[in-house]
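Novice: What follows is the residue order along each chain.
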Amino acid sequence: MRMPRFLSRSAAMIDDRTGLITATQGAMYHRVPRNAKWWYVFGSATLMFFIIQLVTGVLLTTLYVPSAAEAYSSLVYIDEKVPGGWMLRALHGWSSNAMCVMMLIHMTQVFLHGTYKYPRELTWVAGTLLCLTTLALAFTGQVMRWDSNAYWGLGIGAAIVDRAPFIGNWLRAIVLGGPDISGATLSRFFALHVFILPGAAIALIGLHLMLVLKNGISEMPKPGAPVEPETYREEYHARIKKTGVPFFPDAARRDMVFCGAMLIVLIGIAAWFGPFGPGPVPDPTIIEVSPKPDTLFLWIFAVLALLPPNTETFLLLAGPPVIIGFLAALPFISPTGERAPSRRPLSVVILVAIVTALGVLTVLGEYEPWSPRMRAWTSDTTPVEYVKHRSPLELQGALQLQYAQCRNCHSIGGIGGKRGPALDAVATRLSWDQLVRQIQQGGGNMPAYGKNLSSAEVEALVAFLSTLDDQAQPALIPGAMEAQPARDESPTVADASAAP
Amino acid sequence: MSDHEAQTPATEGDAANPCENCEANGGKGRRGFLFAAGTTLLTVGGGLAAVPIVTVAIDPGEAPNPNRWISLGKASNFKPDQTVFVKFIMPWSSPTDGETNQNACYVRCVEPGKFQVFAINCAHLGCPVEWFAQSRLFMCPCHGGVYYEDGSRASGPPPRGLFEYEWRITDGNLEVFAGRLPGLQEGP
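Protein sequences, first through last, are from chains X and A. Residues 1 to 500 in this note's numbering are what the first sequence spells out, letter by letter. Residues 501 to 688 in this note's numbering are what the second sequence spells out, letter by letter.
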């Protein structure tokens with residue numbers, strides 16, 4: 001179908017005066033390698049989610065009140081009263097996660113295929129800066145939620161920068177906007193989240209895409225075809241001229257299919273799971289909380305728990321610059337040579353190590369075994385098998401185990417804190433005297449209870465703990481205990497060992 | 501691109517390349533003067549505009565002495581050998597602070613007239629510690645820092661004991677010197 005004459009004339013006039021159509025067509029039809037297949041869709045998907053963030057984010061600013069006094073109620077209002085408001089928040093929250101996931105996959109692919117090498121070094125550097133900007137947007141977005149997690153997350157951030165030598169105090173005041181977390185803190189994070197960081201992201205995306213167009217999309221790596229700066233450009237252009245295809249529609253088809261599918265998945269997830277929070281109100285006097293960051297930052301949460309205390313400050317302050325510096329310097333450390341993963345075993349090992357470490361830390365962060373379960377002592381049940389046929393003293397000890405908050409860190413029957421060892425078989429590891437000493441003097445990351453428990457309380461506690469010798473372990477599989485009633489009903493070794 | 505170049509307003513007969521005479525100092529004579537004047541005016545103007553910009557950006561209004569004496573109520577209300585959770589209003593609250601204008605501390609009455617006042621913030625990374633009167637321990641929900649009732653570190657990652665506020669008794673009221681979020685470098 002031919003375009004109506006007035007339209008084509010208008011288009012020609014606009015292009016003559018602005019050059020926009022020529023420029024757009026140049027970008028749309030630029031030639032890309034024929035073998036640029038499904039591996040190459042993740043960058044486009046990241047961009048799509050960023051655009052969703054811009055649109056939903058701008059709409060949210062028309063409803064959200066960036067004041068510490070009103071932010072929380074405005075979020076509740078958006079969720080509950082504004083028609084479609086909850087879905088807008090859900091899309092913004094889930095699209096943020098999706099953008100980070102796509103970005104990380106995109107980065108992984110670029111690293112794995114050695115695409116950062118000559119002549120695309122600065123494309124990678126711009127990408128690294130985009131990665132940091134995106135993570136900063138995610139963190140500041142979590143602050144916008146202005147709930148208990150936002151409040152204590154800010155406190156953790158402040159505590160980390162406060163450790164910087166000489167400038168820590170000043171840096172902390174810059175982050176918080178005052179001596180304390182307050183309205184001023186939310187205001188500056190709002191400015192970061194809606195003006196400074198999105199502005200930086202838009203500028204960097206522009207640069208990133210400009211560089212992609214200038215240097216062309218890389219071909220799939222081929223083993224035995226190393227990057228040689230003297231000849232790379234010439235050969236690349238010759239190959240692309242001969243075998244390349246126009247980005248639109250040849251390569252764009254896959255981008256469109258993938259982005260479309262991801263968009264529908266996003267809408268499905270957002271509609272099913274709804275918006276993130278807000279959690280409990282950001283009231284610093286409500287301390288029955290368990291502050292925890294969003295999934296994306298759980299690995300940092302885990303690192304903070306697991307770093308050895310004596311190296312912690314150094315690693316917290318030196319770690320980020322080293323990691324960021326290494327990422328940015330990567331294309332200059334290894335600017336040429338093989339791109340194929342099969343010829344870069346070290347890179348593959350590093351990648352697998354990083355992915356594994358982040359995965360393990362994230363899972364640990366989710367379960368946070370280092371955190372005491374603050375309500376375990378009142379809410380966790382004692383397995384029936386552990387109190388059957390027990391003497392009054394031992395039963396008193398079982399109560400003491402709850403009452404002295406032991407359960408906050410120690411589990412029995414699989415329930416309770418995971419900070420300390422499970423106590424189900426503690427009597428097989430420690431004798432009566434060793435138990436008394438461990439409780440009174442502590443050690444191995446356990447506080448000393450010597451001053452806090454009377455000797456009668458300790459005796460009852462040890463009497464109970466001495467019955468925990470694995471013999472009476474309750475069935476983890478329902479019904480398994482019935483299969484061995486003899487063992488369960490017998491007076492057990494525990495009674496014998498109850499007396500010192 | 502040639503169109504674009506042709507449209508560039510050419511000055512004083514340098515149509516082919518308006519920048520032919522642009523040396524590092526901006527040229528000679530009148531052109532040089534204009535260049536120097538422009539540079540100077542922009543530098544001075546930019547410098548003046550930067551004063552409020554940098555001031556606001558760099559100094560977020562932390563008062564030199566953010567702490568103030570805050571009353572926690574009658575000193576006689578605190579019973580010896582007890583540790584209690586006390587809320588107070590921060591001295592620097594603004595109308596937009598909402599709930600965050602509050603804070604809290606733990607007051608431990610060692611003996612009548614003798615106190616220890618602890619910040620609720622863990623010395624590790626600032627999470628709120630909870631007092632357990634039965635085991636006489638403070639526990640932190642974040643990374644498992646534990647403190648004894650006198651605030652000293654019992655276990656976990658904290659590098660020191662709990663932060664303590666200065667306290668005094670005025671007219672029978674227990675007052676604490678607070679207002680700043682406690683941190684490792686300067687304490688409360």
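Hints may contain errors.
What the hints assert, rightly or not - Listed below are the simulated DMTMM-like cross-link pairs for lysine to aspartate or glutamate, each with C-alpha atoms no more than 25 Å apart in a straight line:
(1) A:K587 x X:D283
(2) X:K214 x X:E230
(3) X:K451 x A:D581
(4) A:K587 x X:E219
(5) X:K451 x A:E611
(6) A:K587 x X:E288
(7) X:K292 x A:E599
(8) X:K214 x X:E234
(9) X:K214 x X:D15
(10) X:K451 x A:E599
(11) X:K388 x X:D283
(12) X:K451 x A:D671
(13) X:K241 x X:E219
(14) X:K81 x A:D650
(15) A:K579 x X:E288
What the hints assert, rightly or not - Derived, one-sided and incomplete: chain A residues facing chain X with beta-carbon distance under 10 Å:
(16) L534
(17) A537
(18) G538
(19) L541
(20) T543
(21) P580
(22) V584
(23) K587
(24) S593
(25) Q616
(26) C622
(27) V629
(28) R680
Keep in mind that the hints were calculated from the coordinates and are not lab data. Ideal placement from N, C-alpha and C gives every residue a C-beta, glycine not left out.
Novice: For every hint, state whether the structure bears it out.
Specialist: Results of checking the hints against the structure:
1. Distance restraint check for K587 (chain A) and D283 (chain X): the Cα-Cα separation of roughly 11 Å lies within the 25 Å cut-off, and the hinted pair is therefore satisfied.
2. A distance of roughly 17 Å separates the Cα atoms of K214 (chain X) and E230 (chain X); the hinted pair therefore holds under the 25 Å criterion.
3. For the hint pairing K451 (chain X) with D581 (chain A), the CA-to-CA distance comes to about 13 Å; that is within 25 Å, so the pair holds.
4. Of the supplied pair hints, the one linking K587 (chain A) and E219 (chain X) is violated, its CA atoms being roughly 63 Å apart against a limit of 25 Å.
5. A C-alpha spacing of about 17 Å is found between K451 (chain X) and E611 (chain A), which places the hinted pair at or below 25 Å, so the restraint holds.
6. A distance of roughly 14 Å separates the Cα atoms of K587 (chain A) and E288 (chain X); the hinted pair therefore holds under the 25 Å criterion.
7. With a C-alpha separation of about 20 Å, the suggested pairing of K292 (chain X) with E599 (chain A) holds against the 25 Å cut-off.
8. For the proposed pair K214 (chain X) and E234 (chain X), the alpha carbon gap of about 14 Å is at most 25 Å, so the pair holds.
9. Note on K214 (chain X) and D15 (chain X): the hinted pairing holds, with a Cα-Cα distance of about 21 Å set against a maximum of 25 Å.
10. Only pairs whose Cα atoms come within 25 Å are accepted, and K451 (chain X) paired with E599 (chain A) is rejected, the gap being roughly 37 Å.
11. A hinted pair counts as satisfied when its Cα atoms are at most 25 Å apart, and K388 (chain X) with D283 (chain X) does not qualify at roughly 44 Å.
12. Note on K451 (chain X) and D671 (chain A): the hinted pairing is violated, with a Cα-Cα distance of about 34 Å set against a maximum of 25 Å.
13. Proposed proximity of K241 (chain X) and E219 (chain X) is supported: the alpha carbons are some 13 Å apart, at most 25 Å.
14. Taking the CA atoms of K81 (chain X) and D650 (chain A), the gap is about 49 Å. The hint is violated against a cut of 25 Å.
15. Taking the CA atoms of K579 (chain A) and E288 (chain X), the gap is near 24 Å; set against the 25 Å cutoff, the hint holds.
16. Against a cut-off of 10 Å between C-beta atoms, the interface hint on L534 (chain A) is violated, since the closest Cβ of chain X lies about 30 Å away.
17. Restraint check, A537 (chain A) versus chain X: the minimum CB separation of about 31 Å is more than 10 Å; hint violated.
18. For the restraint placing G538 (chain A) at the interface with chain X, the shortest Cβ-Cβ distance is roughly 26 Å, beyond the 10 Å limit, so the hint is violated.
19. Taking 10 Å as the C-beta cut-off, the interface hint given for L541 (chain A) is violated, the closest approach to chain X being about 27 Å.
20. Interface hint status for T543 (chain A): violated, as the beta-carbon distance to the closest one in chain X is roughly 25 Å, over 10 Å.
21. For the restraint placing P580 (chain A) at the interface with chain X, the shortest Cβ-Cβ distance is roughly 16 Å, beyond the 10 Å limit, so the hint is violated.
22. Interface hint at V584 (chain A): violated, since its Cβ lies 13 Å from the closest Cβ of chain X, which is beyond the 10 Å cut-off.
23. At about 5 Å, the closest approach between the beta carbon of K587 (chain A) and any beta carbon in chain X falls short of 10 Å, and the interface hint on this residue holds.
24. Residue-level restraint check for S593 (chain A) holds (minimum Cβ-Cβ distance to chain X is 7 Å; threshold 10 Å).
25. With its C-beta approaching chain X no nearer than about 15 Å, Q616 (chain A) sits outside the 10 Å limit, and its interface hint is violated.
26. The interface hint given for C622 (chain A) holds, since its Cβ lies 8 Å from the closest Cβ of chain X, which is under the 10 Å cut-off.
27. Below 10 Å, beta-carbon pairs count as interface contacts, and V629 (chain A) has one with chain X at about 8 Å; its hint therefore holds.
28. Using the Cβ-Cβ criterion of 10 Å, the hint placing R680 (chain A) at the interface with chain X is satisfied: the shortest such distance is roughly 4 Å.
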